[in-house]
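Letter by letter, the chains look like this.
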Amino acid sequence: MKKYINEKFPHFLHGGDYNPEQWINTKEIWDEDMRLMNLANCNEMTVGIFSWATIEPEEGVFDFSFLDEIIDKVYAAGGRVILATPSGARPRWLAEKYPEVLRVTEMGEKKKYGGRHNHCYTSPVYREKVRIINTKLAERYGKHPAVIAWHLSNEYGGVCYCPLCEAAFKKFVAKRYHNDINELNTQWWSTFWSHNYRSFDDVEFPSPLGEKSIHGLTLDFKRFTSYQTTDFMKSEIAAIKAVCPDLPVTTNMMGFYDTINYWEMGEELDIASWDSYPQWHSPNHETQIISTALCHDFYRSLKGRSYLLMESAPGLVNWHEYNKLKRPGVDRVNGLMAIAHGSDSVQYFQWRKSRGSSEKFHGAVVDHEGTENTRVFNEVKKTGATLKAIDEICGTGVVSRVAIVYDWENRWALQDAQGFQRREKKYTDTLRTYYKKLWSRGISVDITNLHRDLSKYDLVIAPMQYMVDEESISNIEAYVRNGGIFYTTYMLGMVNENDLCYLGGFPAKNLKDVFGIWNEEIDTLYPGETVKIVGADGKEYSAVDNCELIHARGAKVLAEYASEFYAGRPALTVNEYGKGKAYYQAFRDDGSVWADILDTLVSTLGLEEAIPTPLPNMVTAHIREDGENRYLFVENYSGTEISGLSLGKEWKDMESGEISNKVDLKDFDIKIFKNLL
Amino acid sequence: MKKYINEKFPHFLHGGDYNPEQWINTKEIWDEDMRLMNLANCNEMTVGIFSWATIEPEEGVFDFSFLDEIIDKVYAAGGRVILATPSGARPRWLAEKYPEVLRVTEMGEKKKYGGRHNHCYTSPVYREKVRIINTKLAERYGKHPAVIAWHLSNEYGGVCYCPLCEAAFKKFVAKRYHNDINELNTQWWSTFWSHNYRSFDDVEFPSPLGEKSIHGLTLDFKRFTSYQTTDFMKSEIAAIKAVCPDLPVTTNMMGFYDTINYWEMGEELDIASWDSYPQWHSPNHETQIISTALCHDFYRSLKGRSYLLMESAPGLVNWHEYNKLKRPGVDRVNGLMAIAHGSDSVQYFQWRKSRGSSEKFHGAVVDHEGTENTRVFNEVKKTGATLKAIDEICGTGVVSRVAIVYDWENRWALQDAQGFQRREKKYTDTLRTYYKKLWSRGISVDITNLHRDLSKYDLVIAPMQYMVDEESISNIEAYVRNGGIFYTTYMLGMVNENDLCYLGGFPAKNLKDVFGIWNEEIDTLYPGETVKIVGADGKEYSAVDNCELIHARGAKVLAEYASEFYAGRPALTVNEYGKGKAYYQAFRDDGSVWADILDTLVSTLGLEEAIPTPLPNMVTAHIREDGENRYLFVENYSGTEISGLSLGKEWKDMESGEISNKVDLKDFDIKIFKNLL
Amino acid sequence: MKKYINEKFPHFLHGGDYNPEQWINTKEIWDEDMRLMNLANCNEMTVGIFSWATIEPEEGVFDFSFLDEIIDKVYAAGGRVILATPSGARPRWLAEKYPEVLRVTEMGEKKKYGGRHNHCYTSPVYREKVRIINTKLAERYGKHPAVIAWHLSNEYGGVCYCPLCEAAFKKFVAKRYHNDINELNTQWWSTFWSHNYRSFDDVEFPSPLGEKSIHGLTLDFKRFTSYQTTDFMKSEIAAIKAVCPDLPVTTNMMGFYDTINYWEMGEELDIASWDSYPQWHSPNHETQIISTALCHDFYRSLKGRSYLLMESAPGLVNWHEYNKLKRPGVDRVNGLMAIAHGSDSVQYFQWRKSRGSSEKFHGAVVDHEGTENTRVFNEVKKTGATLKAIDEICGTGVVSRVAIVYDWENRWALQDAQGFQRREKKYTDTLRTYYKKLWSRGISVDITNLHRDLSKYDLVIAPMQYMVDEESISNIEAYVRNGGIFYTTYMLGMVNENDLCYLGGFPAKNLKDVFGIWNEEIDTLYPGETVKIVGADGKEYSAVDNCELIHARGAKVLAEYASEFYAGRPALTVNEYGKGKAYYQAFRDDGSVWADILDTLVSTLGLEEAIPTPLPNMVTAHIREDGENRYLFVENYSGTEISGLSLGKEWKDMESGEISNKVDLKDFDIKIFKNLL
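Same order as they appear, the protein sequences are chains A, B and C.
With the working numbering applied, the first sequence corresponds to residues 1 to 677, in that order.
With the working numbering applied, the second sequence corresponds to residues 1 to 677, in that order.
With the working numbering applied, the third sequence corresponds to residues 1 to 677, in that order.
So here's chain A without its partners, still in its complex pose:
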């Protein structure tokens, strides 16, 4: 069964950010934009982001004429609108009259007016002013036939250290520790360095000028910032939903942005959406592609349904260190890759290039030159043509039997940990190593966390799961006991949810039984150092960075260290536990050992590969389906042309109409097939 972003417009969206208020004095451009929109095979405009100063030029004085006009124009031209709340940037009067809306830095410096995405999320005044404008917008446009969804603010983010936030933080912490200061003292281990808290009033921000040594504090402050950002967003949603409860809301998130736990934020949204800016053809080209694919899978998993690619760059961006042009075809493959993973849109930042200010050289569908006669415009047009050809895929979903755990709180705690390799723990990088092996085989993957239902998966991978609370421990235990395959690595289960070490040996509590091991010590290698590993079958691997000295206590040893003073000790183990199996990889490598284990698991578990053939390097395939039809996406990022790749069976090319069991792909090409009836 298909699920659409908005039932009233059951089509792929193709469009993006549009700032007509920048051209309010040259309105002939607005009409030209409508002409060009259709020419580019576009059907959507996201308007209202950063429009606050235009629609409320003075406090309480509203002027919606530009929005009235532009929304009507888009609709008249056959397009639809995603309407943004304007909270991403303040008008000047707001900062001037209510300085509390401006953030304070970690060093206690009051910010001045300027920039964007930098208001205090706690400020009651800011929340109230946003409530008023959001209500006005909802009242005015909530029933407009052009408007199909709400776009909340823009790229929520950042951290505020103002007194209002500090007061809110004290309350947050008090609630978390049940108003029991002894509980806080124990969990934060504050007796260390005589830092005992007498009451929750004593709680201050972590700060380079004050406390940085209490990891529980640091962690809770990260939690607070994420919580407060989400809470602000909830207040935005409340204003809108009070007026028009049926229009879906989304906000544009940013990959695995560190500051917000998107699992938490995602709870409040109807639709997930994100902004994707990979560095195509950069020196770390492959990593960029895999990372992007991983993010797509995360955003689909976040709401368990189709989502939006809210922003991407036509041509190039302007904020990478080196702003390379997108090569021919890359615009198309960049957009369709999103569709393959479950997106129901390909949207751009931005429709028309700004003439001035800091984004004037960011790629756009319409360049400063101003016509349809540019390479980039025509790349966009081609993507639009494909989207039209495959429009029936819109609303279908993706089914996965494999999941990878991504855990923001674990990442925060790990990164802050004093120990191992101090500066960089490489949590996300490591996770991508595991993901890549699945991607390379065309196996569909969900992203999940340890507080979600794992039982629907046959295989769960959770690398570097340093932090586990009691619930996570139970979840893992039950999952394996009931027949799941759980694959984890070094650093599992060292601390509880407050970054307090578990006593009695790692991994925590009965995880030692689940995995059948005890982890005594962890060695950290210098860059360039390696340790040899030998598998039971004699195959060699090479460990880098981290090697744990574990003891097998029931687990079967699949590989051993073969150099260093811990030669002969277990490096990879598997434990039969209940009906399931628990793998423990005690070292970091480039993914080779996992690839070999996966090879076995694919056949054991009968995991589906989108194409049942070994795929060339940097070629992958994905399937979308709705229970009735299946759609196959075959993607070539290899840098060379692929010809005659077997599809295993006959499919129908949705653009050419050809039926074949093989496919040819140019470099950076993607082809979309439908199953034969």
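Careful, some of the hints might be misleading.
[Stated by the list, open to error] In silico EDC-like pairs for lysine to aspartate or glutamate, Cα to Cα no more than 16 angstroms straight-line: (1) C:K112 - A:D202; (2) A:K509 - C:E369; (3) A:K234 - A:D270; (4) B:K112 - C:D201; (5) C:K110 - B:E109; (6) B:K27 - B:D68; (7) A:K112 - B:E211; (8) B:K97 - C:D201; (9) C:K110 - A:D270; (10) B:K110 - C:E109; (11) C:K112 - A:E204; (12) B:K110 - C:E211; (13) C:K143 - C:D68; (14) C:K97 - A:D202; (15) C:K426 - B:E321; (16) B:K112 - C:E106; (17) C:K112 - A:E106; (18) C:K171 - C:D201; (19) B:K426 - B:D590; (20) A:K110 - B:E106; (21) A:K112 - B:E204; (22) C:K241 - C:D270; (23) B:K556 - B:D513; (24) C:K110 - A:E211; (25) B:K110 - C:E106; (26) C:K110 - C:D201; (27) B:K112 - C:E58; (28) A:K110 - B:E204; (29) B:K97 - C:D202; (30) B:K112 - C:E166; (31) A:K324 - B:E424; (32) B:K324 - C:E424; (33) B:K324 - C:E529; (34) C:K97 - C:E58.
Keep in mind the hints are simulated off the structure, nothing from the lab.
Given chain A's structure and the hints, the job is docking chains B and C onto it.
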């Protein structure tokens, strides 16, 4: 016709900064200095820099006895004095009583007393106190026969963010935009991110704590800082000229110092002068030499006449990262290189080494050791001997038919641009690449800008001229129409003088016609990446960093891209326009393609090379002339001895008196010849 | 004659930091700790560090119950206690009620509560509160039979810029310059940049916001910080000694920590002790070992007697960039190396790992796992076994005929000097180069300074002694005149004790006669550049970084430069002066030239090598003795097994009891021998 710094002393100056107030308690040293001055073939002392605390120890209490004595002593010993105004460093009472004179940092931190070159240029109090002391100095020494010029302050520079400066900045901006806030909003494109200004009162400094996204603001603040610094200098000049209008004024500038538009500052001076500290024999030795030569040409061009090398280091400096000794001969070549380019002095920082504080290890003519028995003293002495031998060259000029454009405002805007290679645009480096090819052939070059008269040149080179205002566009157009050769590169004409993009395609407006091209896109390469270029004659070049995708619209294609997806598209074009030719080089390279074009232009235009022979690498030659006589400087920086280099015709060596059509040069040697009558 | 830390406990101490207050709610762990202490062959616990909040939870409310109990428990289990004063970290009430105790940063930012080792050393309130708690502790535990020494605070350090400190600094400076502001102005050379001081009230901190150019100021502020820290420590000692004058006091110092002149601090202590955390098996493994040995020799020399290794890490630390496990045997060799150099203890940070906060992953004897069944616990146990076997060595000393000068003030001035290689002068690194050659031959070395008695040494080495006051000059002169061998290098004697250059040629004053040279200039090389040196015997050396152009004025030239423009000039000289000899090495090298000179000196002076055989690379030997017996330590850090190394004569292995004139050593092994009677 010769033009002297001061007609009363028509000789090369040889001397430098002298701080006798540091030795006021051991005056025997003053007499020793006079003896040593003559011994070193020196004839000039620059005094009074940083003397304020000595001559005005308390507010309104003046004591000129030390200056009286030392100026008389110098004169009695046969020397002359350049007298400095003392505004480069405050006495303590001034900072204590009038804290407004102290700067505020970008972060709003009030500076404390200390350092130098760090007073607020806006402060009325500071201007008034400087006016008083300058007037006193002018009254007392303006007619002293020893004093031949004024040296204003010392190395003006830096930026102040105090409230006085902010108020002045608001006025500056209001004037610039004709008191029309709408004009400002349009030019700064402030609707972007809702940052509309309601009045000029809303204008604040760009700041990491506030606004950094509006490039028009950033650019205008740079303009303001340059303007205000110059305005402060003008107030210094006014005080002096009111008393003694005839003595020339100068200030020591610093190469292509970023913060001040020296074109603007130079307008106010009688004489240009600068401080030159190349890193001889460093790993980037050649670059240092070419850069220094380029600066010399700039300072000569600034006032269109001879200038002063106000500071250079005897022996070594103390503030390079590695402070290498100047090898034997380098002191001499360092000084005479300046003379070759049009300087009428070789001056040093400093005459006698300080015993303490931060410059105690900076090279000096007289070392801590205190006698004439040092290597460095004798190097200086030799330079002095040469200067005496060639003294008749003093006051002559340099004639150039080629000019390179150097534009501070373009540099500021380019460097701040979000896009391309973000961190470093390499404007000055690129310019030097073009300059080097002329220097290597001994072709005389002026430095100019697009608001100056170009008609006197046969060839103008303007790389990376990203910013062009209407006047510049007209100037280029007229220059080419009337027969000039204009050579430019990628990034030409993208923005107007407020960093606002031109619409309708780059380069701006009718520059598309002048150059016969349209620049659609610009590709940025990662370090290490190259793109192949092939010339019409089959010769290959290699592009780095930037490659524009241009369309020839009338221009003749001289070279094409031969790799990447834009293979086959134009890379170098020339357009016949009016009586002239307009070259457009769409990519960055190491200068090779320009060298080949130059080869053609030299013969087409009949450009004079100082020696009509191909010169060995890192050997060059320059000519000074006064309409009557010509003087040839042949300089060897090659690291090896050169023998038998043909001079094309017979010249007379001004030191040995020999007449020859050949020259032998030791490593780091320079020889000076006079034409035969 | 033996000298014990405390006559009441004439044994090696084996134990370390113990924080039972962190486990106050699970006291069963305290009993377990006592059991484990004995099991690990430990006999000492350092308690009370960071306990302030526990023993004085509110101002004036004391609760010593935990200390009472734990000290009794340790004693009952056969152990002894070193009791700490708690001043290393404040309780929260102290910071809240008396904000003056919190530091201010260099930028004027008031610190907030948090961290440790960060209180103002000037604050009268802090001193008073510390006096009260110290007095209470002394009264309560001063006579407890378990308590054998006082441990003052913890790792004193850091800098405060608060108004109280600034006032104290003004007084400090006034005293230093005899209340004569003219003396200050001369010594600081403040006329430079017009910075003349009118009175001592004008003196402010050096600051990035104010004055950074006056090196005399910077130097005196470093002196002040060191002085004030020591003065604070003296006030701690006074409180304790008033109650129990007989218990020895120590504090844990940190290698060659920059901020405190430990020569000065050491004066106030009964016993020296330090915290040692080398990076074993890191990429700069050898350097780490030599540095550690050098520090051990310093701490022995500081009080001229046995000292304590107060902290070292079992297993690993958590604050290195890469926290590698200590390989098997390294824990033992790390501890016994200290004993070899004269330590009477091997102590650890920490006994039991914290569960939370920033040191939770720092190595400990007892891990989170909590039992004796870990590798690290057993490594510690082995070290303890060896200590028991060699316990009779406790209290013996070390005799050296060679000394190396280490001078904090020289280091400060050198590092701050504007000149040479600006960022890094490499003073300590250079010194280690000289030390290593002695260490590699098993020659015992003291560390000294130029205000100490040199006459007891046959050979004194003082590299890079840039700063010398009159007393140092006299000391060197007298030492050489009376027959000493003095070996020094480039940069000798350039400035006086206020960083004011000596006039009349370097090295200062009659050092020119002592060394028979004049140093005219100093060349600084870029990284990678070398200059060739040739010895009188034709042997070649290679200079890096610094080459002085000296003139031999009586000295004999032992080596000359053989490349660069100073080829043929002296590079190494020796001068016969009085009954002694003065060597001057004008360049930096890798120690080769010094190794060759040492070779001669060993035979000339008859210097004793602990083993009269050439030692393999990274093998060394040390002797402890008490006038009656001699004990030989042979240490292998070579990375390979050593077998059959000749000991020169027969010795008795103190662990195995075997008598042999040869020794076999595993990698990272150490063996201890006693002389035969």
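We went through each hint and held it up to the structure:
no. : hint            : result
1   : C:K112 - A:D202 : 12 angstroms, holds
2   : A:K509 - C:E369 : 11 angstroms, holds
3   : A:K234 - A:D270 : 12 angstroms, holds
4   : B:K112 - C:D201 : 15 angstroms, holds
5   : C:K110 - B:E109 : 14 angstroms, holds
6   : B:K27 - B:D68   : 14 angstroms, holds
7   : A:K112 - B:E211 : 8 angstroms, holds
8   : B:K97 - C:D201  : 15 angstroms, holds
9   : C:K110 - A:D270 : 46 angstroms, violated
10  : B:K110 - C:E109 : 13 angstroms, holds
11  : C:K112 - A:E204 : 9 angstroms, holds
12  : B:K110 - C:E211 : 13 angstroms, holds
13  : C:K143 - C:D68  : 13 angstroms, holds
14  : C:K97 - A:D202  : 13 angstroms, holds
15  : C:K426 - B:E321 : 14 angstroms, holds
16  : B:K112 - C:E106 : 12 angstroms, holds
17  : C:K112 - A:E106 : 12 angstroms, holds
18  : C:K171 - C:D201 : 9 angstroms, holds
19  : B:K426 - B:D590 : 12 angstroms, holds
20  : A:K110 - B:E106 : 13 angstroms, holds
21  : A:K112 - B:E204 : 9 angstroms, holds
22  : C:K241 - C:D270 : 11 angstroms, holds
23  : B:K556 - B:D513 : 13 angstroms, holds
24  : C:K110 - A:E211 : 13 angstroms, holds
25  : B:K110 - C:E106 : 13 angstroms, holds
26  : C:K110 - C:D201 : 22 angstroms, violated
27  : B:K112 - C:E58  : 40 angstroms, violated
28  : A:K110 - B:E204 : 15 angstroms, holds
29  : B:K97 - C:D202  : 13 angstroms, holds
30  : B:K112 - C:E166 : 14 angstroms, holds
31  : A:K324 - B:E424 : 15 angstroms, holds
32  : B:K324 - C:E424 : 15 angstroms, holds
33  : B:K324 - C:E529 : 11 angstroms, holds
34  : C:K97 - C:E58   : 11 angstroms, holds
Consistency note: the structure conflicts with the earlier hints numbered 9, 26, 27.
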